[in-house]
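There are 2 protein chains.
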Amino acid sequence: MYKIIHYPPNTAIDYARPKLVKSWVGPLENTEYTCNLTVHIEFEPIGRRGDCPSDSSLLECARYLGVDIVSICGGVGDCGRCIVQILKGKVSPLTDNERQLLDKAMIAKGYRLACRTIPLGDILVKVPPQSLSTPQRTQVEGEEITVKPASSVTVCPVSLKPATLADLQADAERLRESPDIKNKVKISNFDIAILREISPELRLKKWQIQAAVRDGEVVALLPLNRNPLGLAVDLGTSKIAVYLMDLTSGKTLALRGLMNPQISYGEDIIARMALANRGTEQAKLLQELVVAAINEAIIEMCNETKKSPSDIADAVLVANTAMHHLFLRLPIGQLARAPYIATVSSAIDVKARDIGLKIASGAYMHFLPNIAGYVGADHVAAILSTGIYKEDSITMVLDIGTNTEICLANHRKLTSLSCASGPAFEGAHIKSGMRAADGAIEHVKLVSDKVEYQTIGGVAPVGLCGSAILDTLAQLFLAGIVDASGKIKPHPRVRENNGTREFVLVYGNKQDEARPDITFTQRDIRELQLAKGAIRTGIEVLLESNKLKYRDIDSILIAGAFGSYIDVASAVAIGMLPNLPLERFRQVGNAAGMGAKLALISRHQRAIAQEIGTRVQYIDLSSAPQFSRIFNKAINLG
Amino acid sequence: MYKIIHYPPNTAIDYARPKLVKSWVGPLENTEYTCNLTVHIEFEPIGRRGDCPSDSSLLECARYLGVDIVSICGGVGDCGRCIVQILKGKVSPLTDNERQLLDKAMIAKGYRLACRTIPLGDILVKVPPQSLSTPQRTQVEGEEITVKPASSVTVCPVSLKPATLADLQADAERLRESPDIKNKVKISNFDIAILREISPELRLKKWQIQAAVRDGEVVALLPLNRNPLGLAVDLGTSKIAVYLMDLTSGKTLALRGLMNPQISYGEDIIARMALANRGTEQAKLLQELVVAAINEAIIEMCNETKKSPSDIADAVLVANTAMHHLFLRLPIGQLARAPYIATVSSAIDVKARDIGLKIASGAYMHFLPNIAGYVGADHVAAILSTGIYKEDSITMVLDIGTNTEICLANHRKLTSLSCASGPAFEGAHIKSGMRAADGAIEHVKLVSDKVEYQTIGGVAPVGLCGSAILDTLAQLFLAGIVDASGKIKPHPRVRENNGTREFVLVYGNKQDEARPDITFTQRDIRELQLAKGAIRTGIEVLLESNKLKYRDIDSILIAGAFGSYIDVASAVAIGMLPNLPLERFRQVGNAAGMGAKLALISRHQRAIAQEIGTRVQYIDLSSAPQFSRIFNKAINLG
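So the sequence lines, in the order shown, correspond to chains S and A.
The numbering of the first sequence is the working numbering, which starts it at 21 and goes up by one.
The numbering of the second sequence is the working numbering, which starts it at 21 and goes up by one.
If you are wondering where the hints come from, they were derived from the structure by calculation, not from laboratory data.
Just so you know, not all the hints are guaranteed correct.
One copy or two, either will do: identical chains are not told apart, so a pair holds if it fits within one copy or between any two.
Straight-line distance between alpha carbons at most 27 Å, and here's what the computed BS3-like set of lysine-lysine pairs gives [to be verified]:
id	residue 1	residue 2
1	Lys225	Lys181
2	Lys124	Lys410
3	Lys465	Lys181
4	Lys378	Lys567
5	Lys327	Lys271
6	Lys569	Lys410
7	Lys226	Lys507
8	Lys225	Lys304
9	Lys146	Lys410
10	Lys509	Lys124
11	Lys202	Lys507
12	Lys569	Lys124
13	Lys326	Lys465
14	Lys378	Lys146
All figures in this text were calculated on a predicted structure; none of them were measured in a lab.
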């Protein structure tokens with residue numbers, strides 16, 4: 021039932037508004053595609069309406085009309101997040117997935133999963149706020165570490181004698197042989213794109229120019245008196261942080277945090293890998309979405325700072341291994357199934373134009389090394405920027421997400437692993453869960469029987485984001501309402517619903533469908549126990565493999581967006597993190613992004629990153645012998 | 021009045037049948053283009069007919085309908101070769117160019133220049149055989165020189181252990197670290213295109229594969245037991261020679277000689293440079309025409325030899341500097357006007373995919389060095405393959421064409437220059453001149469008052485190709501019908517026509533328009549004197565600059581297509597070549613193509629070529645002080 025959404029060939033891709041094209045087969049070029057636009061759909065309360073293909077799911081129709089409905093599983097009927105209410109018109113019959121994921125009461129009121137519902141005529145649909153994918157908080161800031169800028173790109177200002185009939189030297193050689201260059205760098209190669217620019221540029225600029233040289237190759241031609249720029253990208257599964265840097269001063273000139281537009285095709289990386297694996301066109305689509313988003317960010321940042329994208333002479337990207345492969349359009353099949361083998365783990369350099377990035381025409385993008393299928397370059401970047409690789413202490417760095425990567429630095433010995441912590445902290449599989457968007461409760465406190473909370477944007481609450489989910493579990497456990505095994509005890513706010521116990525955090529408004537009860541269910545707790553158990557197991561396996569106890573840890577650095585917003589005390593309270601004095605924890609923000617910046621502005625840092633890639637010892641957690649013993653204990657709270 | 025012919029965006033370019041699109045403005049993508057097909061045109065005697073845009077020249081209409089009419093000037097009304105006869109229908113009035121270039125008698129019979137004539141309604145046109153551009157003889161063979169094959173590409177067969185949960189090494193590193201590779205080459209870089217292939221290929225081929233490595237970079241993955249292939253290209257202004265080579269054995273597997281499809285846009289390189297200089301789209305068009313022709317030749321040669329284009333792991337191209345720049349789509353403006361500066365003269369390596377060549381996805385194309393704006397890599401290749409750079413003798417190598425490049429090797433000291441010999445030997449500006457196609461007289465002998473001749477294809481004569489033009493002049497001079505100053509003397513076959521003397525070689529058939537008189541005019545002789553004078557001046561300037569007399573020359577090697585077919589005795593008789601014993605001359609065929617092959621199969625030869633590029637001393641003939649003194653003498657015959 022999973023439907024692939026194609027772009028018409030040669031359409032400029034607007035990543036915010038994917039267009040749906042049906043029955044498109046054959047190679048990209050010269051292919052007829054037809055849209056049978058026959059069903060009129062109106063989405064409330066946003067008031068968007070239009071004609072859609074008659075046999076597409078409501079989720080596809082929403083994308084077609086530019087309505088961003090949340091979908092974590094990518095539209096396979098699995099995550100239960102794309103809930104909509106059919107107000108008028110005929111739709112396809114209820115599916116088994118919907119019976120499992122939706123309350124009977126909701127079904128009675130016409131609630132459906134958008135990805136499972138096909139309009140059978142003109143319809144009117146209501147999209148509840150929880151189902152609307154609004155811009156999310158993105159963590160772009162991290163701890164600034166100052167290193168001496170020493171970029172991979174050397175910029176040489178040159179002043180050349182013009183060519184004459186008495187001096188017929190070719191332009192490229194004239195540049196290469198000029199003393200201004202020769203005394204600084206040896207040019208061994210000209211990029212074809214630079215050769216295409218050099219002759220008119222030299223004449224236009226009256227033979228005064230700057231050559232940006234990288235590893236003996238001219239990669240950009242800049243006007244005099246302009247510093248070369250650099251681009252650092254931390255490409256996350258859900259968020260992208262983009263930094264525009266001055267390569268000479270090492271300063272951040274501008275930055276952007278954006279949603280990863282691939283989210284329309286599944287918030288879950290597994291769904292995207294499955295899509296990419298279906299064919300090169302699908303893989304191309306996923307890649308182009310991200311490239312278009314980054315290109316747009318580049319233009320915005322350059323406009324903001326009055327710079328030119330053609331002055332961006334170098335770039336660095338970090339990502340997890342799957343995102344790295346999707347971004348480079350590397351094959352994904354062998355990475356998506358056991359034994360989860362990456363195509364390449366070393367650092368690589370790729371011409372930015374070969375990816376579609378619009379920066380200096382000869383510039384490269386450098387990709388930091390991956391360690392394994394589930395421990396990627398973003399982890400290496402975090403190790404780099406936190407400096408744990410060189411410290412004479414026992415330090416751990418964690419980046420909590422659907423996969424949580426942890427590195428233990430034991431007096432320069434680095435051991436890393438990844439644990440499948442699942443998307444529960446991103447609100448998936450949690451009844452009242454939602455992403456960190458407006459209306460999400462972000463912090464929760466139980467004061468006797470009262471629930472105190474705080475929402476993002478200060479608006480009325482519609483659900484719980486990750487940090488609030490963690491707080492709720494910790495508060496219920498500390499109050500004895502949930503016991504160590506995770507069982508909900510009787511309490512005035514605890515009720516039975518569909519045979520499951522749930523704790524009511526916020527009583528909604530029965531008259532207002534958009535203000536439902538916000539509850540925390542027994543099933544939610546089971547999901548969270550699996551997540552917290554996985555993370556704690558990762559920590560324990562790392563300690564055991566290093567013959568250490570958790571009390572030996574000097575510090576724990578918590579990186580990443582989720583880690584930046586959580587209450588560490590809550591994480592310690594439920595036993596997700598070890599019970600250490602709170603001052604041993606530090607929330608370091610976007611450590612991966614900081615690592616990308618370091619590798620961009622300093623070739624020494626880039627070399628260290630490559631060395632980290634080879635130094636890290638990787639443990640495959642799922643095949644670790646002690647896994648089940650530790651995990652069975654770690655799922656308990658406290 | 022010169023009209024640019026565009027392709028509709030995204031149309032697969034059929035270089036044999038360019039399509040005409042009018043009123044197309046704006047960027048390539050997303051642009052509407054319209055064809056106003058309103059005039060019906062029929063071309064006789066080939067019987068091609070169809071609707072054409074109403075306000076296009078007949079030359080453009082001919083191209084549009086796939087009728088290849090000769091045009092040396094590219095359609096600017098200058099060369100007078102695109103003669104057609106209007107049999108029925110109204111056309112635009114006669115232009116000044118036509119009055120200058122056509123006889124009054126011809127004009128009276130409805131003859132016009134196709135490039136100057138616009139149909140004003142439906143018309144019937146006759147294309148005389150001389151105006152039809154038929155496939156031309158192409159010189160692809162040269163003297164085989166055997167060198168030990170030592171290609172730039174090293175092929176390593178590898179047998180890898182499959183990845184398992186206990187051995188998670190990434191695919192690229194698994195290949196790089198395997199003993200089969202490590203003992204042979206050091207891999208420092210993977211091309212992005214190869215990374216996109218490696219994972220599925222390794223699994224498909226059960227971890228048995230061959231890696232083709234060039235300068236530490238994997239450029240192709242081959243199945244086991246298949247030799248890597250190479251592609252050598254000699255890209256001439258009018259002809260292209262393409263060779264498919266076995267890089268291991270150094271053997272030529274297949275070869276093709278083809279017309280340069282850019283000829284539709286001007287046989288003259290100057291016309292094409294002017295076109296390319298108009299904008300990037302025009303430059304792109306010219307480049308894509310050649311690339312498509314080469315790609316087609318690759319497919320044909322691979323089909324013929326049952327090989328795969330993806331096994332072509334290396335390529336070499338030689339061309340004159342202008343064709344080199346057009347092929348790489350380098351800027352042409354500074355090359356087309358004084359002081360004629362090349363963008364780059366060193367040898368360069370470009371990813372074949374960046375040019376559009378369809379060979380192994382990571383393969384490079386190597387471009388031999390250029391020497392100056394009018395002495396290109398094809399000249400370097402000829403110096404390489406003839407071996408004159410290393411010989412302890414005084415040897416000259418000439419490639420006669422519109423520009424004639426000459427190198428004098430004086431005991432390893434190399435001096436080169438180019439002389440503007442003009443297109444007279446290609447039949448341009450010669451009244452009965454034509455290209456070396458069927459019906460062209462190729463050899464002429466005067467036996468008392470009788471003219472003996474031989475035609476290509478053994479058919480009835482329609483004109484004179486280059487070698488016959490040379491023979492005719494020599495025969496008339498030796499018979500005293502033309503004196504040393506080039507003046508035609510009275511003779512039974514000499515007549516006055518339009519105020520000019522002409523010698524009638526073949527009396528045509530007055531009843532048959534397609535069988536005109538074939539004559540040799542006073543004006544033709546003046547053109548040839550300029551051409552021969554330029555070449556002889558080049559030879560003399562080279563000798564003077566080396567303080568040599570022509571009798572010191574040990575041997576003269578004549579390279580190229582024209583040089584292969586000429587009668588050396590004729591060239592000596594008119595004084596184009598010095599009066600040396602005939603055994604000192606050798607016609608060496610396509611020496612440039614041979615040089616490309618050598619540089620392909622041997623990296624040592626490639627290095628020598630680069631060295632030749634820097635060793636050759638270039639003389640700019642036009643600014644040489646002795647030029648006019650020598651030239652004024654050299655235009656005389658004998």
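For this structure, which hints from the list above don't hold up? 2, 3, 4, 7, 9, 11, 12, 13, 14
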